[in-house]
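A.B. asks: One-letter residues, chain by chain:
Number of protein chains: 2
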Amino acid sequence: KPKQTTLHPTHRQVEQHPSTHTGSAHRSWTHSRFRPPAPRDGVEASFIYPSRPPLHSRRAHSFPRHCLLLRRDISMAAHVRGCRCSSLFLSSFFAGSVCFHSGCGFLVRFYYISLHMSAGGKKIVGVFYQAGEYADKNPDFVGCVEGALGIRDWLESNGHHYIVTDDKEGLNSELEKHIEDMHVLITTPFHPAYVTAERIKKAKNLELVLTAGIGSDHIDLLAAAAAGLTVAEVTGSNTVSVAEDQLMRILILLRNFLPGYQQVVKGEWNVAGIAHRAYDLEGKTVGTVGAGRIGRLLLQRLKPFNCNMLYHDRIRINPELEKEIGAKFEEDLDVMLPKCDVIVINTPLTEKTRGMFNKEKIAKMKKGVIIVNNARGAIMDTQAVADACSNGYIAGYGGDVWFPQPAPKDHPWRYMPNHAMTPHTSGTTIDAQLRYASGVKDMLDRYFKGEDFPVENYIVKEGELASQYK
Amino acid sequence: KPKQTTLHPTHRQVEQHPSTHTGSAHRSWTHSRFRPPAPRDGVEASFIYPSRPPLHSRRAHSFPRHCLLLRRDISMAAHVRGCRCSSLFLSSFFAGSVCFHSGCGFLVRFYYISLHMSAGGKKIVGVFYQAGEYADKNPDFVGCVEGALGIRDWLESNGHHYIVTDDKEGLNSELEKHIEDMHVLITTPFHPAYVTAERIKKAKNLELVLTAGIGSDHIDLLAAAAAGLTVAEVTGSNTVSVAEDQLMRILILLRNFLPGYQQVVKGEWNVAGIAHRAYDLEGKTVGTVGAGRIGRLLLQRLKPFNCNMLYHDRIRINPELEKEIGAKFEEDLDVMLPKCDVIVINTPLTEKTRGMFNKEKIAKMKKGVIIVNNARGAIMDTQAVADACSNGYIAGYGGDVWFPQPAPKDHPWRYMPNHAMTPHTSGTTIDAQLRYASGVKDMLDRYFKGEDFPVENYIVKEGELASQYK
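If you read the protein sequences in the order shown, they are chains P and G. Using full-length UniProt numbering, the letters of the first sequence correspond one by one to residues 1 to 470. Using full-length UniProt numbering, the letters of the second sequence correspond one by one to residues 1 to 470.
Just chain P, with the same shape it has in the complex (with noise of 0.2 Å):
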């Protein structure tokens, strides 16, 4: 079980890993006349990267072991074993002790070296988003490239190589480079890695693609399928997360909120510019297009509200279930849709659901309608949503995910009227983060002895899809 988070700390705790750094660190470094030795399984460094120190490294107690500080600029090759700046105090750094910086300033680098890898060490990649100045802020903030999920001392302990990245795209992509020989694969729906059948063909040694959080779509799940590849998600990680979002982001909606929080922001006040359309969620119908884990933690949720409330999904909830949540099923999606004052998708993106709100769909929503969806943004037609929303149609949409990721500058959801959108972040709360993370070690571990993942994680195995994914 996760710890539980403290809310917004003023100082990262010493005992926290260090932030890590990478994305243009490997090539900065090969690009320098110093060479490390090539890495070589089991025998010598296995992963290198310079970075900044992070504002608390002059704790030596805060290095991970195996260690190497070095001033770049008085010289870069001999410093294997020990450094020749005054400034820096190297202990025995071949026993696996540490050096810590004890004054020199702006120009030194910090360079890691794992010299213990086994023989059966791993390749893993992990690709998150780049925290860049925000790296520090918070010591729980483990999704980003420089917490890199909170398992670099734990890996790297065991003899893994596990470098991390956001450069994910194109062939000149830090990722593009390791996927000749990695083995394992970690990416997340925030900052998605698109593993296309041409990478996958690419990638002889890998075994595993795991997604740190839920909706393994950015993967072409057939050719991995194919390819003898299992997939896995840390399924339940973040279901909360996105649950409460969609509560949120349907009350913004339906409330005006953000009318009236630019007009505080612009130095105005007009209660009528908010007020003349502006409801309360009670008595409202909300009717969920899929009724998974994610959408039954919202209807629960949305129960003392007093809406009415709908469901449409492939397969009924039992009975009895269905009861307690309080929610009525709609077997045919084109009869609930005009009931609804407000619409939440919850459904994956798969080859049926990609484009399934298009034109036509949305006309037989009811004028006026809310639409709120964290599953995926390729399940709504992109123009017809901003086309409607332009026109009035729909009422007001909201979400944090779009097609493709990050949305380009020109995504015209960033510019219809009435729109609640985020960058992709409801699955990626602190809470959040520190689950899938959690979720993430727990696989890997069990990959790492050859026992099975809890089932429900799995997308594929042995050649299979998911349910969901079929």
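Relax, there's no trap hidden among the hints.
Copies of one chain are not kept apart here, so a pair can be met inside one copy or by any two copies together.
Straight-line Cα separation of at most 35 Å, DSBU-like style, residue types lysine-lysine; simulated pairs: (1) 361 to 137; (2) 266 to 361; (3) 364 to 352; (4) 359 to 470; (5) 366 to 266; (6) 303 to 367; (7) 441 to 339; (8) 339 to 303; (9) 266 to 168; (10) 364 to 137; (11) 137 to 409; (12) 137 to 266; (13) 177 to 266; (14) 364 to 266; (15) 366 to 441; (16) 323 to 359; (17) 303 to 328; (18) 367 to 137; (19) 352 to 201; (20) 303 to 366; (21) 461 to 328; (22) 367 to 441; (23) 303 to 323; (24) 359 to 137; (25) 266 to 367.
Hints are computed from structural coordinates only; laboratory data are not their basis.
For this one, chain P is given, so just place chain G on it according to the hints.
C.D. replies: For chain G alone, coordinates are given in the frame of chain P:
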């Protein structure tokens, strides 16, 4: 029971009462050469006001009875009986039928004269926010000056004189002109008419002050009690609206929604900038200061979110209901404050609660606390809140209440970081407007008949203040 609302209607139904304007109207009339007969109870014209004809005014049957259209630029003098404008058709004016405008254009003004004020008629003044361009956008938008709570027809057909305005400040305001002879004053918390001791002294005919909504702190209640006035609210009319809004703002602040929205609007994409301080509500400790009607509705809605819920109040909820709600009673506020990740203010503004959350009280809260206040702005020390937001002690502050209202352009809460502020709107959703309009009508009806109001509505009765204001 108020009628069910329709979300985002596209066009106003013609059966609606027409929009009615006021404000500068009376003044421009009295400044013209023509003066209508002075209103005399039970005899003649009791109310006159001009406005631009609303968009739908060409439909004759949408006019109230006894109306007169005239072209102001032709002649003011001769138009008590008819109109010289050839583009106006006037039929049987004194028989109470309607006249309508059949084409003449931009300078037409619409004058309305009620001729049937009965001997027992009362002068009723309503102070609401002005809708302006939004007046015609929603037929259920009754809470504005133009909507006038939808009770004009009913009041005037019963022989009463009904004036509505948004012009409430200072000695030259429209409100001030009617203070001396009005019998009833209707106000709202959203655009509060401050009913001071001076105004009460001046209001020799005043018998009843009604708040369309909840919260009568804009009235000097001690002065009202001393003057023998009755003060009443529409208790319960917008409790659900406010409780929903509080939960929305808790989620907006905890989940760090607004920076993500701003990124989208600005063409940016930075998940880390949001995620490093985004949290789930689940597992957090939420405390409400005050657990009256709104506080309890909030706690009920919070329950499925699996928070730790605390409440502080003067009186403990009975054990059975407390168990059902699932919140723990905290007798000592200072003991509760440091336990809470989220604090919600749910007390009325009284002499005891004014400025209650000052620097010292905020320092007792947990660092990184989130505060939601939809109660009253003056419960907080304005500068103390702004300072604590600026230095990060408060991680987020959200609400829709300010002091004074409208909030001036330089109010520090407009500029402090991590706020989720709007103008005062949470209790004036369309649903709430229909409920409090209905409640005001019910109380006026009882007042005309000499009957008592629902007991929970009284704020001042027979010189006594309601318990929450003592």
